[in-house]
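Per the working numbering, residue 16 is the first one in the first sequence, and the count goes up by one each step.
Keep in mind the hints are simulated off the structure, nothing from the lab. Errors might be hidden in some of the hints.
Claimed, not checked - Think about it this way: if two alpha-carbon atoms lie no more than 27 Å apart in a straight line, the pair counts; the simulated DSS-like pairs of lysine-lysine are: (1) 354 <-> 402; (2) 339 <-> 464; (3) 402 <-> 464; (4) 488 <-> 464; (5) 658 <-> 354; (6) 488 <-> 402; (7) 127 <-> 402; (8) 339 <-> 353; (9) 353 <-> 658; (10) 339 <-> 354; (11) 339 <-> 488; (12) 402 <-> 353.
What the hints assert, rightly or not - So the derived label-pair ranges between C-beta atoms look like this: (13) 630 <-> 498: 29 to 35 Å; (14) 534 <-> 304: 57 to 63 Å; (15) 115 <-> 478: 28 to 34 Å; (16) 492 <-> 191: 40 to 46 Å; (17) 476 <-> 406: 34 to 40 Å; (18) 230 <-> 472: 36 to 42 Å; (19) 332 <-> 508: 34 to 40 Å; (20) 335 <-> 476: 20 to 26 Å; (21) 605 <-> 140: 31 to 37 Å; (22) 121 <-> 527: 40 to 46 Å; (23) 412 <-> 115: 50 to 56 Å; (24) 534 <-> 114: 19 to 25 Å.
Backbone N, C-alpha and C fix where the C-beta goes; we use that ideal spot for every residue, glycine too.
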Amino acid sequence: MRISSCRSWPRGSSGRSARSTPTSISSPTTGPSPCCRRRARDRCHAVVGGRDHVTKSPPDCVSTDARRSIPVSNRQNGGVYLLVSRTGNGDVLVLPLDPDGRAAGAGRRLSKRDFPAYVHGREPEQPRWVWEDTSRIYPLLLAAGVRVHRGYDLRLCHAILRQSSLTRSSTLARAEESSWDRAPAYDPDTTTAGVTLFDLIDVIDDETGVVLEFQRQLAAIRDCAEPGRLRLLLAAESAGALIAAEMQYTGLPWRTDVHDALLTRELGPRVGPGIRPERLENLADSIRAVLGEPGLNPDSQPDLMRALRHVGLRVSSTRAWELKELEHPVIAPLLAYKKLARLLSANGWYWMDTWIVDGRFHPEYIPGGVVTGRWATRGGGALQLPKQVRGAVVADAGWKLVVADAAQLEPRILAALSADTSMAAAGRGTDLYAGIVAGGVVETREHAKVAMLGAMYGATSGESGRLLPRLAKAFPRALALTETAARAGERGESVTTRLGRSSPRPGETWLAMQAQAYDPGATEADERRARSQARDWGRFTRNFIVQGSAAEWALCWMAEIRRELRLLPFAGQDSSGPEFAHAPHLVFFLHDEVMVHTPAALAGAVEDVLRRAADTAGRHLFGDFPVDFLLTVATVDSYAQAK
DNA sequence: CATTACGGCGCG
DNA sequence: AAAGCGCGCCGTAATG
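Starting from the given sequences, assemble the full structure and let the hints guide the process.
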């Protein structure tokens, strides 16, 4: 069995460094390396011993203790821990551990080659695989056709426990900074799926250190005031890491022919690097003609600004929204140019050549990549796919895309966090903003939305600021929670999400500036600056608590989706061959939205799974508190058809 | 020459 | 009407 093949998925960074574009329109000169193309063709789908057993099992997340309305785990994450570590010579050591992280049996040494088959053999027990870094280990298993049910990602969990106010007094939190606190070195040429992954685990490579770290984490959880919340968070974070690796592995279905047709329609026929496509060049000519500057490069912001001022337009920037307000013959072609130039540079032919391999888009997802707990991505801009190009995301023949979006997720999270029953009631069974209008709080849905966003982001002026008092009157509990979070931030304190992720503390310069403002010799300007910075940090913590708790809900939702999808019966399906080739699976995630690629016959069942999982996630976070998490769900052939 | 900063814009 | 949060990536300009 071939485990590693070519080095990596295509990467933006390597492509970018190869670019050399002294002039305006730049397209790179290099496409994906031949290596990458080969990589995709050779993608190893060897299955070790056929499909995983589908067994009835308790949820990956934990049960709900209704008494306290807080989820509590009594099962210690499924019972069996198997710790995976690399040994000195590159073999893998698998060590059974008891719920306290102590060795509970003989360790087993395996070669990298034998490791996937071993994992597959243990999966019927559904152990929790404890390893340093899912993103470096799991792709090896996926490439061998092996999925696991449960994982525990020591690095991601360490980051949470290190920062959380719930574990502040733990040994783990008080220890000196260690290699667990440093992100593994990132090398775009080697660090990615499909590599000989164990060769890369060079940061922590002795099993003793890994076992000790796991024990420190278990102790920190056990001794904290709210172990149930943290256990749920760590299980969800770890499940997210599995999902991220699986989505990177399978990729998002992408039709390059559809994409190319779309680009050609918008921009004109494809041209070589460094040349503007026809429609873009025509627009550039119009702009030059109107401005009377034949040599103008519209991509040069300073030059463009000068030219605009020269014809009497008083602009402070060249931003589209500012230009939109102006009346001048140059505005229309300029806005059109900006739109198309963005399409070309961000998602044009070069992007397509770089990121779409054999009909799949393979971005790298980075769980925990955002301070609030949201995911980030690296390469390909997966979280910014413009609506313009979503038509190229098309289900395979005989398959469907089921797209689900959590409607008004953050306001609902805020309602539940603050136990604001009025706000929760406004969203019961309906669009929450419409519910606010129905309650007579504001006149229009747009007003409800902009006011809510203002409450969660800390708006002070404009329409949003004006509407806030009405919102505060109708939903005092919810607004009090955001205010309290903001005040804490202004004092330099951290805030903590529903499940226990805490915001970072402000940095040295922030603290120094606050201290300086209290100095007897502080000037008016010092104080003003300090106040402004304090308010900035307050807006951050205000938003952190909502965005972070929403991210936790989304992780629980996805973990539950993944678990339930694997329980769907495959009646009439060909169950031989790799699981992802015939079973429904997650292919995309965007903060509050998921996409499942499924055989058409199962689309209805998948929709049910998505809705059920949303309810379950809500109960996991908020117990019996009566808040709805409504979804808009659509079964479609193309992503462009969703909402 | 290469790296960094910034304005701009896409997404939630 | 374009503010108030969180991001990644692009091209150009500035910096070393």
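Comparing the hints with the structure gives:
no.: 1; hint: 354 <-> 402; in the structure: holds, 12 Å
no.: 2; hint: 339 <-> 464; in the structure: holds, 23 Å
no.: 3; hint: 402 <-> 464; in the structure: holds, 21 Å
no.: 4; hint: 488 <-> 464; in the structure: holds, 16 Å
no.: 5; hint: 658 <-> 354; in the structure: holds, 22 Å
no.: 6; hint: 488 <-> 402; in the structure: violated, 37 Å
no.: 7; hint: 127 <-> 402; in the structure: violated, 42 Å
no.: 8; hint: 339 <-> 353; in the structure: holds, 12 Å
no.: 9; hint: 353 <-> 658; in the structure: holds, 25 Å
no.: 10; hint: 339 <-> 354; in the structure: holds, 13 Å
no.: 11; hint: 339 <-> 488; in the structure: violated, 36 Å
no.: 12; hint: 402 <-> 353; in the structure: holds, 16 Å
no.: 13; hint: 630 <-> 498: 29 to 35 Å; in the structure: holds, 30 Å
no.: 14; hint: 534 <-> 304: 57 to 63 Å; in the structure: holds, 59 Å
no.: 15; hint: 115 <-> 478: 28 to 34 Å; in the structure: violated, 56 Å
no.: 16; hint: 492 <-> 191: 40 to 46 Å; in the structure: holds, 41 Å
no.: 17; hint: 476 <-> 406: 34 to 40 Å; in the structure: holds, 38 Å
no.: 18; hint: 230 <-> 472: 36 to 42 Å; in the structure: holds, 41 Å
no.: 19; hint: 332 <-> 508: 34 to 40 Å; in the structure: holds, 35 Å
no.: 20; hint: 335 <-> 476: 20 to 26 Å; in the structure: holds, 22 Å
no.: 21; hint: 605 <-> 140: 31 to 37 Å; in the structure: holds, 34 Å
no.: 22; hint: 121 <-> 527: 40 to 46 Å; in the structure: violated, 55 Å
no.: 23; hint: 412 <-> 115: 50 to 56 Å; in the structure: holds, 51 Å
no.: 24; hint: 534 <-> 114: 19 to 25 Å; in the structure: violated, 53 Å
When the structure is compared with the earlier hints, violations turn up for hints 6, 7, 11, 15, 22 and 24 and for no others.
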